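> Read off the chains here:
There are 2 protein chains.
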Amino acid sequence: MNILTKDLSGHVGETITIKGWLYNKRSSGPISFLELRDGYGFVQGVVVQKDASEAVWQAAESVTQESSVEATGVVTKHPKKENVFELQIKDLKILQLAHDYPIANKEHGPDFLMDNRHLWLRSSKQWAIMRVRDAIITAINEYLHQENFIRVDSPIFTPNACEGTTTLFPVPYFDLGTAYLSQSGQLYSEAAIMSVGRCYDFGPVFRAEKSKTKRHLTEFWMMDAEAAFVEHDENLKIQEGLVRYIVRYCLERCKEELIILERNTERLKKADAPFTRYTYDEAIKKLNAMGSDIKYGDDLGNDDEGLLTKDSEVPVFIEKWPKTIKPFYMKRDVNNPDLVCNDDLIATDGGGELIGGSQREDDAELLFERIKVEGLNVEDYQWYLDLRKYGSVPHSGFGIGLERTVRWICGVEHVRETIAFPRTIGRLKP
Amino acid sequence: MNILTKDLSGHVGETITIKGWLYNKRSSGPISFLELRDGYGFVQGVVVQKDASEAVWQAAESVTQESSVEATGVVTKHPKKENVFELQIKDLKILQLAHDYPIANKEHGPDFLMDNRHLWLRSSKQWAIMRVRDAIITAINEYLHQENFIRVDSPIFTPNACEGTTTLFPVPYFDLGTAYLSQSGQLYSEAAIMSVGRCYDFGPVFRAEKSKTKRHLTEFWMMDAEAAFVEHDENLKIQEGLVRYIVRYCLERCKEELIILERNTERLKKADAPFTRYTYDEAIKKLNAMGSDIKYGDDLGNDDEGLLTKDSEVPVFIEKWPKTIKPFYMKRDVNNPDLVCNDDLIATDGGGELIGGSQREDDAELLFERIKVEGLNVEDYQWYLDLRKYGSVPHSGFGIGLERTVRWICGVEHVRETIAFPRTIGRLKP
Numbered sequence: 001m002n003i004l005t006k007d008l009s010g011h012v013g014e015t016i017t018i019k020g021w022l023y024n025k026r027s028s029g030p031i032s033f034l035e036l037r038d039g040y041g042f043v044q045g046v047v048v049q050k051d052a053s054e055a056v057w058q059a060a061e062s063v064t065q066e067s068s069v070e071a072t073g074v075v076t077k078h079p080k081k082e083n084v085f086e087l088q089i090k091d092l093k094i095l096q097l098a099h100d101y102p103i104a105n106k107e108h109g110p111d112f113l114m115d116n117r118h119l120w121l122r123s124s125k126q127w128a129i130m131r132v133r134d135a136i137i138t139a140i141n142e143y144l145h146q147e148n149f150i151r152v153d154s155p156i157f158t159p160n161a162c163e164g165t166t167t168l169f170p171v172p173y174f175d176l177g178t179a180y181l182s183q184s185g186q187l188y189s190e191a192a193i194m195s196v197g198r199c200y201d202f203g204p205v206f207r208a209e210k211s212k213t214k215r216h217l218t219e220f221w222m223m224d225a226e227a228a229f230v231e232h233d234e235n236l237k238i239q240e241g242l243v244r245y246i247v248r249y250c251l252e253r254c255k256e257e258l259i260i261l262e263r264n265t266e267r268l269k270k271a272d273a274p275f276t277r278y279t280y281d282e283a284i285k286k287l288n289a290m291g292s293d294i295k296y297g298d299d300l301g302n303d304d305e306g307l308l309t310k311d312s313e314v315p316v317f318i319e320k321w322p323k324t325i326k327p328f329y330m331k332r333d334v335n336n337p338d339l340v341c342n343d344d345l346i347a348t349d350g351g352g353e354l355i356g357g358s359q360r361e362d363d364a365e366l367l368f369e370r371i372k373v374e375g376l377n378v379e380d381y382q383w384y385l386d387l388r389k390y391g392s393v394p395h396s397g398f399g400i401g402l403e404r405t406v407r408w409i410c411g412v413e414h415v416r417e418t419i420a421f422p423r424t425i426g427r428l429k430p
Numbered sequence: 001m002n003i004l005t006k007d008l009s010g011h012v013g014e015t016i017t018i019k020g021w022l023y024n025k026r027s028s029g030p031i032s033f034l035e036l037r038d039g040y041g042f043v044q045g046v047v048v049q050k051d052a053s054e055a056v057w058q059a060a061e062s063v064t065q066e067s068s069v070e071a072t073g074v075v076t077k078h079p080k081k082e083n084v085f086e087l088q089i090k091d092l093k094i095l096q097l098a099h100d101y102p103i104a105n106k107e108h109g110p111d112f113l114m115d116n117r118h119l120w121l122r123s124s125k126q127w128a129i130m131r132v133r134d135a136i137i138t139a140i141n142e143y144l145h146q147e148n149f150i151r152v153d154s155p156i157f158t159p160n161a162c163e164g165t166t167t168l169f170p171v172p173y174f175d176l177g178t179a180y181l182s183q184s185g186q187l188y189s190e191a192a193i194m195s196v197g198r199c200y201d202f203g204p205v206f207r208a209e210k211s212k213t214k215r216h217l218t219e220f221w222m223m224d225a226e227a228a229f230v231e232h233d234e235n236l237k238i239q240e241g242l243v244r245y246i247v248r249y250c251l252e253r254c255k256e257e258l259i260i261l262e263r264n265t266e267r268l269k270k271a272d273a274p275f276t277r278y279t280y281d282e283a284i285k286k287l288n289a290m291g292s293d294i295k296y297g298d299d300l301g302n303d304d305e306g307l308l309t310k311d312s313e314v315p316v317f318i319e320k321w322p323k324t325i326k327p328f329y330m331k332r333d334v335n336n337p338d339l340v341c342n343d344d345l346i347a348t349d350g351g352g353e354l355i356g357g358s359q360r361e362d363d364a365e366l367l368f369e370r371i372k373v374e375g376l377n378v379e380d381y382q383w384y385l386d387l388r389k390y391g392s393v394p395h396s397g398f399g400i401g402l403e404r405t406v407r408w409i410c411g412v413e414h415v416r417e418t419i420a421f422p423r424t425i426g427r428l429k430p
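Going line by line, the protein sequences match chains A and B. Going letter by letter, the first sequence gives residues 1 to 430 in the numbering used here. Going letter by letter, the second sequence gives residues 1 to 430 in the numbering used here.
Hint data in this document are derived by calculation from the structure and do not stem from the laboratory. Remember, predicted model here, so these are calculated numbers, not experimental data. Heads up, the beta-carbon is just placed ideally off N, CA and C, and yes, glycines get one too. Be aware that one or more of the hints could be misleading.
Claimed, not checked - Okay, the calculated beta carbon distance ranges per label pair:
| # | chain 1 | residue 1 | chain 2 | residue 2 | range |
| --- | --- | --- | --- | --- | --- |
| 1 | A | Glu231 | B | Lys81 | 30 to 38 Å |
| 2 | A | Asp7 | B | Asp91 | 55 to 63 Å |
| 3 | A | Asp7 | B | Pro79 | 54 to 62 Å |
| 4 | B | Glu147 | A | Val12 | 22 to 30 Å |
| 5 | B | Lys214 | A | Thr276 | 52 to 60 Å |
| 6 | A | Lys372 | B | Ser53 | 37 to 45 Å |
| 7 | A | Met290 | B | Ala55 | 49 to 57 Å |
| 8 | A | Ser312 | B | Leu366 | 55 to 63 Å |
| 9 | A | Glu231 | B | Lys6 | 19 to 27 Å |
Input sequences plus hints: build the corresponding full structure.
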């Protein structure tokens with residue numbers, strides 16, 4: 001009977017078969033310990049020379065790292081560790097013997113690993129990250145559906161830019177000139193909520209940014225949520241609910257993965273509590289008091305975000321920013337028209353910015369004015385202005401970066417490890 | 001208390017508020033019937049002049065199509081229809097009065113509707129399609145996770161093509177030359193399963209095809225699933241399981257939407273039964289017997305697919321095609337090396353091809369040979385060949401087109417209605 005490693009606990013004492021790969025091997029004289037992986041987890045296989053046939057012992061001796069195998073044996077409980085199981089191997093079939101697997105169990109440079117990303121994915125840490133990433137995606141889908149959002153995907157080919165044009169990838173588009181790869185589906189989601197009430201998109205977005213940092217990819221995944229009849233405060237509540245749902249979901253479903261990643265789960269548990277809220281004004285004052293030379297009207301840099309959250313156990317909202325440093329579509333604060341009803345959400349543990357959100361301007365005239373002041377081409381936004389002419393309603397939304405969320409939950413340093421095949425300014429392969 | 005239309009049944013006799021838009025209106029002397037929509041469904045609001053204040057009656061008289069409103073009143077059961085509710089409106093607040101909404105309740109040409117896609121989405125049929133689409137996406141995510149697949153997204157920027165180069169969109173990529181927008185993530189998924197066992201990607205893919213048919217978009221969504229240790233027969237079982245799960249899920253969750261779409265749900269119910277399997281050879285013979293002049297070695301066209309399935313209550317697999325008309329990566333049939341272990345799945349009711357799948361060639365030498373014979377650049381596929389050098393295993397996969405599935409389940413004719421903002425050779429806006 002073929003069994004997955006994740007289901008071993010239900011088969012103690014039974015003879016089963018694991019199909020997978022040899023992850024690691026060590027020998028102790030007449031006993032061979034084969035660490036097997038099957039994609040769903042790991043199990044130690046034990047071959048004892050005196051109990052094994054000559055053929056099986058030979059196979060155990062000759063099998064190499066990353067060879068594919070079928071191992072049949074009896075499932076036993078680990079003599080010391082709770083909830084860990086072993087396979088007492090009776091039969092070992094090598095499906096394909098790997099020669100000179102390039103990623104040995106030693107340190108390699110990042111370029112070498114990235115060149116071999118198709119193989120590096122098999123390393124336990126990368127395996128764990130991919131599984132946490134999947135859990136985060138599932139958590140996002142689940143939470144949003146519970147909150148009555150449905151998925152309405154935005155187009156990738158767009159005729160114009162949402163936030164400036166300097167970082168766009170152009171694509172020749174038949175006889176219609178140039179299409180640009182989307183940087184955000186927000187404006188389209190604003191159209192869709194007037195049909196479905198609440199919606200989200202969740203797809204790749206593209207930035208032709210020449211940044212070489214640990215937080216930048218040219219292609220990354222973004223979830224944009226948008227909701228009719230939701231104003232600033234409720235927008236923040238939805239965001240907080242989502243992030244706390246993700247944290248809980250991963251703590252519950254990714255225990256083994258977070259151990260492999262050596263993530264401090266106590267810190268993650270503490271993040272599932274009411275988030276801190278600062279106004280932009282408060283944040284600047286706090287930063288100045290902490291020694292930063294940031295000035296009112298500046299955007300927060302990476303260092304400022306780190307400083308502001310370094311003693312925080314929970315993510316921190318920074319809300320109500322000066323309108324001068326924020327995009328045209330954000331709604332002005334009724335109490336202070338120099339501010340907009342927006343927020344950034346900064347993660348704990350140096351995770352940086354996860355979310356940017358805002359209530360949207362729903363007044364056709366004010367929006368038209370902002371579009372003109374920003375020097376944007378009104379013609380391009382005619383359809384967007386239509387949304388304020390035909391049944392305008394208060395509405396809000398936000399975007400969460402998938403890779404940054406994975407980076408935070410996994411506690412990995414470089415965002416390139418949070419996506420299967422990362423694309424950066426210097427990398428397009430494999 | 002604000003209530004969503006979908007939750008009205010739990011509030012009969014209570015005074016509640018619906019926030020939404022006026023979808024339609026008719027008057028019968030001293031009674032005004034306001035059809036309201038809130039994104040989650042529809043409800044008829046009733047305003048009786050003699051019971052209403054002058055202000056409320058005036059609001060009911062003056063409110064226009066697609067104005068945004070807040071309607072407060074008592075929920076009642078429809079006098080005749082089961083499970084239908086009405087709102088006896090006591091207060092009606094117009095949030096924003098729409099003037100001259102361009103899409104009247106009359107026939108418009110497709111170009112006009114597509115130019116106004118941001119508004120057309122509000123029409124009940126388009127609303128229903130978006131909701132069915134969401135249900136199909138959720139069904140796919142659910143089924144695959146139940147079957148132990150996890151999501152591992154493939155890159156969009158790729159250095160080379162999976163199936164030929166004639167229909168690729170090129171993008172200038174920094175100093176690295178040209179990137180191409182992905183047409184399929186399959187090859188990447190094949191790498192990922194050697195880490196995680198079973199995985200899928202689900203994202204936009206791009207074809208620069210100059211086709212102007214009812215079945216072609218330049219940007220569409222595809223789900224590619226891939227599984228280690230799965231061979232041809234099990235591959236077909238997973239596909240059939242997925243499609244039947246989608247059908248059941250939509251029948252259960254999208255009752256109201258399928259009524260709006262006038263979809264024959266009896267036909268859909270019948271599709272949830274064991275699928276028919278023809279070999280390619282059998283299919284050609286059947287088609288010839290039915291009058292088609294298709295020849296052995298030809299690909300099946302749209303008409304052939306229609307002919308072959310016209311009397312079928314269940315989708316039809318066509319398996320084991322000649323290798324000459326299929327891509328290099330498909331595994332040869334051990335019983336006949338001129339055939340490959342692949343399948344196409346054709347939907348009922350003229351839905352056309354939903355799925356293409358195959359077992360993949362897992363022998364490094366045979367694959368290398370096929371790459372050379374096809375005239376592909378071996379260097380580009382070195383990483384792909386690595387997967388056969390380091391722990392090769394039998395594996396299979398398939399891709400399902402999201403828009404074609406939506407088209408089939410919804411019973412709509414043109415694929416442009418199955419995505420929120422369709423992109424075709426002649427359309428990049430809005």
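> Next, verify each hint and record whether it holds.
Structure-based check of each hint:
1. Checked against the hint of 30 to 38 Å, the C-beta distance between glutamate 231 of chain A and lysine 81 of chain B comes to roughly 35 Å, which is consistent with it.
2. The supplied range of 55 to 63 Å is met by aspartate 7 of chain A and aspartate 91 of chain B, whose beta-carbon atoms lie about 58 Å from each other.
3. A hinted range of 54 to 62 Å for the beta carbons of aspartate 7 of chain A and proline 79 of chain B is consistent with their spacing of about 55 Å.
4. Our hint of 22 to 30 Å for glutamate 147 of chain B and valine 12 of chain A holds, since their Cβ atoms are close to 25 Å apart.
5. The hinted window of 52 to 60 Å between lysine 214 of chain B and threonine 276 of chain A holds, with their beta carbons roughly 53 Å apart.
6. The hinted window of 37 to 45 Å between lysine 372 of chain A and serine 53 of chain B holds, with their beta carbons roughly 41 Å apart.
7. Separation of methionine 290 of chain A from alanine 55 of chain B is about 55 Å and conforms to the stated range, judged on CB atoms against 49 to 57 Å.
8. For serine 312 of chain A and leucine 366 of chain B, the hinted distance range of 55 to 63 Å is satisfied, since their beta carbons lie about 57 Å from each other.
9. The given range of 19 to 27 Å is respected by glutamate 231 of chain A and lysine 6 of chain B, whose C-beta atoms sit roughly 22 Å from each other.
Checked against the numbered hints listed earlier, the structure breaks none of them; every hint is satisfied.
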